[in-house]
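Position chain B relative to chain A; hints supplied.
Protein chains in written order, with my numbering: chain A, 1 to 232; chain B, 1 to 285.
Don't take every hint at face value.
FRET-style restraints, in silico, Cβ to Cβ [stated by the list, open to error]: (1) B:Pro52 / A:Tyr216: 31 to 41 Å; (2) A:Lys60 / B:Lys237: 21 to 31 Å; (3) B:Ser118 / A:Pro90: 48 to 58 Å.
Straight line, CA to CA, 30 Å or less: simulated BS3-like cross-link-like pairs of lysine-lysine [unchecked claim]: (4) B:Lys206 / B:Lys135; (5) A:Lys182 / B:Lys260; (6) A:Lys9 / B:Lys207; (7) A:Lys182 / B:Lys31; (8) A:Lys182 / B:Lys57; (9) A:Lys182 / B:Lys123; (10) A:Lys9 / B:Lys191; (11) B:Lys123 / B:Lys162; (12) B:Lys56 / A:Lys31; (13) B:Lys49 / B:Lys278; (14) B:Lys206 / A:Lys182; (15) A:Lys31 / B:Lys191; (16) A:Lys9 / B:Lys266; (17) B:Lys207 / B:Lys78; (18) A:Lys60 / A:Lys150; (19) A:Lys182 / B:Lys49; (20) A:Lys182 / B:Lys241; (21) A:Lys182 / B:Lys135; (22) B:Lys135 / A:Lys9; (23) A:Lys182 / B:Lys78; (24) A:Lys9 / B:Lys49; (25) B:Lys241 / B:Lys94; (26) B:Lys49 / A:Lys31; (27) A:Lys182 / B:Lys207; (28) B:Lys207 / B:Lys191; (29) B:Lys31 / A:Lys128; (30) B:Lys162 / A:Lys182.
A short, non-exhaustive set of chain B residues, derived as facing chain A with CB atoms under 8 Å [claimed, not checked]: (31) Ile34; (32) Asp48; (33) Lys49; (34) Ile65; (35) Lys78; (36) Gly79; (37) Glu80; (38) Thr177; (39) Gly178; (40) Leu205.
Source of the hints: derived by calculation from the structure; they are not laboratory data.
Ideal Cβ positions, reconstructed from N, Cα and C, are used throughout, including at glycine.
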Amino acid sequence: MDLIYEGIKQAIILIFAFDPEVMGITLLSLKVSGTATFISLFFGISIGTLVALTQFPGKKVVVSLINTGMGLPPVVVGLFVTIFLWRSGPLGFLGILYTPMAIIIAQSVIATPIVMGITLASMQQLPKKLRLQTLALGATPLQSVWVLIKEARLPLLAAVMAGFGGVISEIGASIMVGGNIKGYTRVLTTATVMETGKGNFEVAIALSIILLVMAYCINYILTHIQQRGRNF
Amino acid sequence: MRYLRAVSVTVLSLVFAVSLAVFVQAAPAEKNIILSTTTSTQDSGLLDKLIPIFEKKTGYFVKTIAVGSGQAMAMGQKGEADVLLVHSPDAEKKFIAGGYGINRRIVMHNDFIIIGPSTDPAKIKGSKSTAEAFKKIAAAGAPFISRGDNSGTHAKEKVIWKAAGTKYEGEKWYQQTGLGMGQTINVATEKRAYTLADRGTYLALKKRTDLPILAEGDAILLNVYHVIEVNPAKWPKVNAKGAKAFADFMVSPETQAIIKTFGVDKFGSPLFFPDAGKKEENLGK
Numbered sequence: 001m002d003l004i005y006e007g008i009k010q011a012i013i014l015i016f017a018f019d020p021e022v023m024g025i026t027l028l029s030l031k032v033s034g035t036a037t038f039i040s041l042f043f044g045i046s047i048g049t050l051v052a053l054t055q056f057p058g059k060k061v062v063v064s065l066i067n068t069g070m071g072l073p074p075v076v077v078g079l080f081v082t083i084f085l086w087r088s089g090p091l092g093f094l095g096i097l098y099t100p101m102a103i104i105i106a107q108s109v110i111a112t113p114i115v116m117g118i119t120l121a122s123m124q125q126l127p128k129k130l131r132l133q134t135l136a137l138g139a140t141p142l143q144s145v146w147v148l149i150k151e152a153r154l155p156l157l158a159a160v161m162a163g164f165g166g167v168i169s170e171i172g173a174s175i176m177v178g179g180n181i182k183g184y185t186r187v188l189t190t191a192t193v194m195e196t197g198k199g200n201f202e203v204a205i206a207l208s209i210i211l212l213v214m215a216y217c218i219n220y221i222l223t224h225i226q227q228r229g230r231n232f
Numbered sequence: 001m002r003y004l005r006a007v008s009v010t011v012l013s014l015v016f017a018v019s020l021a022v023f024v025q026a027a028p029a030e031k032n033i034i035l036s037t038t039t040s041t042q043d044s045g046l047l048d049k050l051i052p053i054f055e056k057k058t059g060y061f062v063k064t065i066a067v068g069s070g071q072a073m074a075m076g077q078k079g080e081a082d083v084l085l086v087h088s089p090d091a092e093k094k095f096i097a098g099g100y101g102i103n104r105r106i107v108m109h110n111d112f113i114i115i116g117p118s119t120d121p122a123k124i125k126g127s128k129s130t131a132e133a134f135k136k137i138a139a140a141g142a143p144f145i146s147r148g149d150n151s152g153t154h155a156k157e158k159v160i161w162k163a164a165g166t167k168y169e170g171e172k173w174y175q176q177t178g179l180g181m182g183q184t185i186n187v188a189t190e191k192r193a194y195t196l197a198d199r200g201t202y203l204a205l206k207k208r209t210d211l212p213i214l215a216e217g218d219a220i221l222l223n224v225y226h227v228i229e230v231n232p233a234k235w236p237k238v239n240a241k242g243a244k245a246f247a248d249f250m251v252s253p254e255t256q257a258i259i260k261t262f263g264v265d266k267f268g269s270p271l272f273f274p275d276a277g278k279k280e281e282n283l284g285k
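With the rest of the complex left out, here is chain A:
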């Protein structure tokens, strides 16, 4: 009990003292996972919409693949991204292993199928006639898609939250491709593991609390946007 109390106390101290190291770690987590979420939104929504709105042979196979990807284990992604980015690997010439860039890549790979899968499901759930209707009213195909995306706003924002939640809380990939380098690639989750290993449980608890509070704030904002104009 002492430990939990101490941890919460220390978290409050760390947050309100604006401890530069903790602030740095928190900001980096936000930057890295935010960027990864943005990238995954671009690929996830565009490809997800495309797959939802077109008919082609083998569609079921593709949809199952995307749905499987939603549960992609971060460590597996981490392992493969590491192998690709090794100096001896196919992308080794980039020299970006153990950089924040590498974490962004790995997290994008993790989040994209999540966003894609939810987009796909939400697009398929829209009434089929809606699209025909927009086209009949003279919308260009792109305009029509835009209307559909707006119509699916609620589940799409859920996709954003799921994607962001997935990457801000993952550790396997971050520690493998980032290396948990102090002041450079140390994010909230990897720092928590390291502090636990060092026996600094108060700091570990403090970092966890910051992670939770941050995730809550982001999701609160997104929920606010999602539920705008709704009273239920």
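Only chain B this time, still in chain A's reference frame:
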């Protein structure tokens, strides 16, 4: 208009994403050094003290990857690291013999200790040798937690088991964590088990574990750290200049002086003993 808005939103978010990505982009590669090292140097806090000094002095940026000595050398073997700070002498000699590393230099030492529950169920306290203590643990079937991660500590543990001549692998009382030293001590503390630990990490974790030292001081328990530069002739992409600068820094008199006093203020005794220029055979005498 609506179409325009859709496009501009997409473009803007892409620009935002890319600029963020560029913003967090890395420093130029030749200024980066990848230091592959053991968890004990990180968990004890020594590197947190030394690396900022090195970076300030030389302008290099050190990427410290803290893994077990085994994995550290595996990284060196593939040319994925520039310089190693490790403590697994037998494996190191093989590494050098294989042509993967050059300039193996002694940096410092401390020692391994056996910690365990104060009740000492296997009665290892007062054993004549470490091997005998291990034999007693095996005979009593008392829980023993191993790193099990090919680290320098794990390698040392295997050497001691061999000296003890007892069967341990696959036994019910013998468990492997596959974790770093700090976490392994935590596990041993929770499970009331024996474990082999390096003194540096143990002292750094002292406030979190109530397992006392039950055996120490045997010559077999010496824990020596070497710095090795990865061979640039084998891996042209290795930052040889940076590796040499870091290795030189580790054995320089100023650094050695810092190592000598590191931890005294916090733990009452130093965590490591500087050894630059000494011969490994003569240590602990």
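Against the structure, the hints:
1. For Pro52 of chain B paired with Tyr216 of chain A, a C-beta distance near 34 Å keeps the hint of 31 to 41 Å intact.
2. Against the hinted window of 21 to 31 Å, the Cβ-Cβ separation of Lys60 of chain A and Lys237 of chain B comes to about 44 Å, which falls outside the hint.
3. Separated by about 54 Å at the C-beta atoms, Ser118 of chain B and Pro90 of chain A satisfy the suggested range of 48 to 58 Å.
4. The hinted pair formed by Lys206 of chain B and Lys135 of chain B meets the criterion: a straight-line CA distance of about 26 Å does not exceed 30 Å.
5. Pair hint Lys182 of chain A plus Lys260 of chain B holds up; C-alpha atoms about 23 Å apart against a cutoff of 30 Å.
6. Distance hint between Lys9 of chain A and Lys207 of chain B is fulfilled; the C-alpha atoms sit about 18 Å from each other, no more than 30 Å.
7. At roughly 16 Å between alpha-carbon atoms, Lys182 of chain A and Lys31 of chain B fall within 30 Å of each other, so this suggested pair holds.
8. About 18 Å separates the Cα atoms of Lys182 of chain A and Lys57 of chain B, which keeps this hinted pair within 30 Å; it holds.
9. Taken as a hint, the Lys182 of chain A and Lys123 of chain B pair is broken in the structure, with Cα atoms around 42 Å apart against an allowance of 30 Å.
10. Taken as a hint, the Lys9 of chain A and Lys191 of chain B pair is honoured in the structure, with Cα atoms around 28 Å apart against an allowance of 30 Å.
11. Of the pairs offered as hints, the one joining Lys123 of chain B and Lys162 of chain B holds, with about 20 Å between alpha carbons and a cut-off of 30 Å not exceeded.
12. Taking the CA atoms of Lys56 of chain B and Lys31 of chain A, the gap is about 26 Å. The hint holds against a cut of 30 Å.
13. With a C-alpha separation of about 23 Å, the suggested pair Lys49 of chain B and Lys278 of chain B falls inside the 30 Å cut-off, and the hint holds.
14. A distance of roughly 23 Å separates the Cα atoms of Lys206 of chain B and Lys182 of chain A; the hinted pair therefore holds under the 30 Å criterion.
15. Straight-line distance between C-alpha atoms of Lys31 of chain A and Lys191 of chain B comes to about 39 Å, which puts the hinted pair past the 30 Å bound.
16. Restraint check: the Cα-Cα separation between Lys9 of chain A and Lys266 of chain B comes to about 23 Å, which is no more than 30 Å; the hinted pair holds.
17. A distance of roughly 38 Å separates the Cα atoms of Lys207 of chain B and Lys78 of chain B; the hinted pair therefore is violated under the 30 Å criterion.
18. In summary, the hint linking Lys60 of chain A to Lys150 of chain A is supported, as the alpha carbons are separated by about 25 Å, within the 30 Å threshold.
19. Of the supplied pair hints, the one linking Lys182 of chain A and Lys49 of chain B holds, its CA atoms being roughly 12 Å apart against a limit of 30 Å.
20. With a C-alpha separation of about 22 Å, the suggested pairing of Lys182 of chain A with Lys241 of chain B holds against the 30 Å cut-off.
21. The hinted pair formed by Lys182 of chain A and Lys135 of chain B fails the criterion: a straight-line CA distance of about 41 Å is larger than 30 Å.
22. Of the supplied pair hints, the one linking Lys135 of chain B and Lys9 of chain A is violated, its CA atoms being roughly 46 Å apart against a limit of 30 Å.
23. Distance hint between Lys182 of chain A and Lys78 of chain B is fulfilled; the C-alpha atoms sit about 24 Å from each other, no more than 30 Å.
24. For the hint pairing Lys9 of chain A with Lys49 of chain B, the CA-to-CA distance comes to about 27 Å; that is within 30 Å, so the pair holds.
25. For the suggested pair Lys241 of chain B and Lys94 of chain B, the alpha carbons sit about 23 Å apart, so the restraint of at most 30 Å is met.
26. This hinted pair checks out: Lys49 of chain B and Lys31 of chain A have alpha carbons roughly 27 Å apart, not beyond 30 Å.
27. Of the pairs offered as hints, the one joining Lys182 of chain A and Lys207 of chain B holds, with about 23 Å between alpha carbons and a cut-off of 30 Å not exceeded.
28. Note on Lys207 of chain B and Lys191 of chain B: the hinted pairing holds, with a Cα-Cα distance of about 17 Å set against a maximum of 30 Å.
29. A threshold of 30 Å between alpha carbons decides the hint, and for Lys31 of chain B with Lys128 of chain A the separation of about 57 Å lies outside it, so the pair is violated.
30. This hinted pair does not check out: Lys162 of chain B and Lys182 of chain A have alpha carbons roughly 38 Å apart, beyond 30 Å.
31. The restraint placing Ile34 of chain B at the interface with chain A holds, with a minimum CB-CB distance near 7 Å, inside the 8 Å limit.
32. The closest approach between the C-beta of Asp48 of chain B and any C-beta of chain A is roughly 7 Å, which is under the 8 Å cut-off, so the hint is satisfied.
33. For Lys49 of chain B, the interface hint is violated, since its Cβ never comes within 8 Å of a Cβ in chain A; the closest pair sits about 11 Å apart.
34. For the restraint placing Ile65 of chain B at the interface with chain A, the shortest Cβ-Cβ distance is roughly 5 Å, inside the 8 Å limit, so the hint holds.
35. Look at Lys78 of chain B: its Cβ gets to within about 6 Å of chain A, closer than 8 Å, so that hint holds up.
36. With a cut of 8 Å, the hint placing Gly79 of chain B at the interface with chain A holds, because the nearest CB-to-CB distance is about 6 Å.
37. Interface hint status for Glu80 of chain B: upheld, as the beta-carbon distance to the closest one in chain A is roughly 5 Å, under 8 Å.
38. Hint on Thr177 of chain B is violated. Least Cβ distance to chain A is approximately 11 Å, over the 8 Å limit.
39. Of the supplied interface hints, the one on Gly178 of chain B is violated, with its beta-carbon coming no nearer than about 13 Å to a beta-carbon of chain A, more than 8 Å.
40. Against a cut-off of 8 Å between C-beta atoms, the interface hint on Leu205 of chain B holds, since the closest Cβ of chain A lies about 4 Å away.
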